[in-house]
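Work the whole structure out from these sequences, hints included.
Number of protein chains: 6
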Amino acid sequence: MSNATMDNPVLTHIDESGQARMVDVSNKTATARTAVAEGRIRMSSEAYALLSAQQNAKGDVLNTARIAGVLAAKRCADLIPLCHSLPLSFVGIEFFTNDTDYTITVRATCRTDYKTGVEMEAMTACSIAALTIYDMCKAADKGIVLEQIKLRYKSGGKSGEWRNDD
Amino acid sequence: MSNATMDNPVLTHIDESGQARMVDVSNKTATARTAVAEGRIRMSSEAYALLSAQQNAKGDVLNTARIAGVLAAKRCADLIPLCHSLPLSFVGIEFFTNDTDYTITVRATCRTDYKTGVEMEAMTACSIAALTIYDMCKAADKGIVLEQIKLRYKSGGKSGEWRNDD
Amino acid sequence: MSNATMDNPVLTHIDESGQARMVDVSNKTATARTAVAEGRIRMSSEAYALLSAQQNAKGDVLNTARIAGVLAAKRCADLIPLCHSLPLSFVGIEFFTNDTDYTITVRATCRTDYKTGVEMEAMTACSIAALTIYDMCKAADKGIVLEQIKLRYKSGGKSGEWRNDD
Amino acid sequence: MSNATMDNPVLTHIDESGQARMVDVSNKTATARTAVAEGRIRMSSEAYALLSAQQNAKGDVLNTARIAGVLAAKRCADLIPLCHSLPLSFVGIEFFTNDTDYTITVRATCRTDYKTGVEMEAMTACSIAALTIYDMCKAADKGIVLEQIKLRYKSGGKSGEWRNDD
Amino acid sequence: MSNATMDNPVLTHIDESGQARMVDVSNKTATARTAVAEGRIRMSSEAYALLSAQQNAKGDVLNTARIAGVLAAKRCADLIPLCHSLPLSFVGIEFFTNDTDYTITVRATCRTDYKTGVEMEAMTACSIAALTIYDMCKAADKGIVLEQIKLRYKSGGKSGEWRNDD
Amino acid sequence: MSNATMDNPVLTHIDESGQARMVDVSNKTATARTAVAEGRIRMSSEAYALLSAQQNAKGDVLNTARIAGVLAAKRCADLIPLCHSLPLSFVGIEFFTNDTDYTITVRATCRTDYKTGVEMEAMTACSIAALTIYDMCKAADKGIVLEQIKLRYKSGGKSGEWRNDD
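Protein chains in written order, with the numbering used here: chain A, 1 to 166; chain B, 1001 to 1166; chain C, 2001 to 2166; chain D, 3001 to 3166; chain E, 4001 to 4166; chain F, 5001 to 5166.
For the record, the hints were derived by calculation from the structure and aren't laboratory data. Treat the hints with care, as some may be off.
[Stated by the list, open to error] Some chain F residues judged to face chain E by a derived CB distance under 7 Å, without partners named: (1) Leu5011; (2) Val5025; (3) Asn5027; (4) Ile5080; (5) Pro5081; (6) Ile5128; (7) Leu5131; (8) Ile5149; (9) Lys5150; (10) Asn5164.
[Claimed, not checked] With a straight-line cut-off of 27 Å between C-alpha atoms, the simulated DSSO-like cross-links for lysine-lysine are: (11) B/Lys1115 / C/Lys2028; (12) C/Lys2115 / C/Lys2158; (13) C/Lys2142 / D/Lys3028; (14) E/Lys4115 / B/Lys1115.
[Claimed, not checked] Between beta-carbon pairs, the in silico distance windows are: (15) D/Thr3097 / B/Arg1163: 40 to 48 Å; (16) D/Thr3103 / C/Ser2026: 34 to 42 Å; (17) C/Phe2096 / B/Thr1103: 55 to 63 Å.
A quick note: this is a predicted structure, and the numbers were derived from the prediction, not measured. Cβ coordinates follow ideal geometry from the N, Cα and C atoms, glycine included.
Below, the structure written as structure tokens:
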């Protein structure tokens, strides 16, 4: 099976005839792998104020989003069709609130010791945690936006370490 | 139960003591409801070219993403903790590719005839469809970004029609 | 939306451009609907004898298959991408064993009071129940065959009653 | 625990008192394992013609069925009660259309490096892919039949290679 | 179909031949229904003290358990084989901590407007919320006990109101 | 990461700031692990008599509960938010009926060869099996109680063997 290389990148999920396929990882070696994804939720100042004002509210909203993100990481292969099921050693969800521009940044970190990377687990956990915040704040602001969900870091496997600090 | 109004918006998923809660819709009336969400996937020119060049590839990638989006809409209440399960009458996923800036816009439309809106179903379908495209193209570009996932349109229920053309 | 008619049958799950789509049932009326599907499992005389000989074995194998079939019917929309989620009023799984030709016929009956038919629920329940029997007997016969899984009966909806006694 | 042998086949999923049980694989060794299952969908000439005639239709129907099959393989242990969860290295779904007798043959190939075989994953993937084709073509022919779903090949584990070319 | 009455109670999930079956609710009428279940978690004074001492800990443990309970209620028909899927209007999980005997009482309330009761949804939500507390506290006390999980209240349907204040 | 020790027990699922977290098992070693959980279902003499009297009824009720328990064990990480997904080598569910006090004791045994214990899998399997018995007997006795669900035995991992014979 051909894999993507620097010189000859290919879409590994598409076979020679252009059909979708799952990558065969039978001959890959398990290595320690980490992936970190981030995304940002931007809301109105009113919604942000409500979230911050009510007693305990921010804590419970963020914990609910964290739990949703952790569960989504574990269910990633059920959601993303060509992903492999894999045993996650760790899923962590952190939040960084910014009182100046009314945004919350979600960071999802996933780890495994397996044959494939955990980028999709991190990206999915980040997205579902962000959607949960949207859900819990949409009564105050339907126009909340999920912005710039992207992979920030990846290590392990043949391609080694990769970092995006944009 | 208090609901958000123009004059007195509240976070309906947070009770008086700041705890997360599901909204009680026992006394709400079922009405025809629609929600439309959109998001954009931005990739490198190289990844976009690969996607467009290979025989059938774009068709199969987009159909795979569509199927993932439809399945995710139906499973929304399983993923977003405080969402109500509801019977969807329709889920549609459309793609708009832009050869100039190497982006794909995903539009998800959901419909129901029920007591609650389908914003979360549309937002979740849109996000999972976009994540599926990320998954299938990440071998060629790990830096693909999911941008500006937001609600575009909503109708039905007490609050009536709402539109965001930003 | 165009629907299949006697004179002009179409593939309702394919739109004008040939793309997969979910049918929009927003404007359909809920009616009482039933569907019955059947399939047959053919095994070696040795496997069939084992199943019949061991104390209680047949009862527990068939009950396990029944439970698997009922659960699969309820999860049909999760498995068949373009199916609508719907509230099933009833799922029944019956077995007819034939000691002469070493076959077991599985019959699945599903009922709903909803806008779409329950053919897929019955077909899926029948298939998963049959696969469960395969699983539980495969140690004695890997060559077990699932034969002739088909819809037998359907009522309700615009097309009314349909029967296949082949 | 007794296992099936040539001389003394037993139903490994049934204990001494005839009760259903999961096989204990604690002491089994992980080996590379493959299983291939096949089944056939037979439809009317009219339905087959529609599938072939419409622009892109066949491609999207088969890709949708492929995605459903891959997802079902990953979820096999959720559907078949006594199956073990296992990490699949590969799931492949191929289709062979026969314009003469209006049939489509579905072939599902699964691979793992684990303690149990992947027959059930292949059989389940094949069945769900076939059911998805049924679903997408049933508007044109309710009488579509799923025929002869069976294991074709199996390798790995103590029993080694097994092949059924019937 | 025979139903349980005061004078002639039967096991409605068992048919005349003693086989498990799903109850057919095709002819039942939808009514507003509520069910309340309660259970108690008893832990060592040390574990209870840790839970209470650490900053925020109790809040996050209980919110995590609440989210798990709400999700479990929505997934009840997936877990309890002969339960009907139904649209829940409300799921609420409350906790009552008792500093004297180191117990936490979990109360789950479910509501629907449907043809069957929501006892199982309330019982399942209560159990999974309690298990989540066990999970999060087991590092400090493996001997935590779940005690007296039972239905407390039920209304709606033919049998009307029922209350258990034992 | 700090772990619970005899001298310094902590809540491993809560971080320094009191937030819920998944334990990172990246550096743990896989060992053979077993966990046994038990619980008791207490019903009225009338319900117990019905269960025992009807032909086959007890067998099918208990087998249905067993299947529900096995499936729940495999789905534990989906239900208990901070649990790790892991490959179970074995799930066994046993029942002990007591004709004198009208109780059924459920014992669930789980095994894995992995980095974390299987207590939650055993506790969850036991609870869902018990809830299934409740569901199938509730028509005859709504007041059935689930009593004393607790861990009985645990082996493997750093903490070694643990037993609770209370």
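Which hints from the list above does the structure break, by number from lowest to highest?
2, 3
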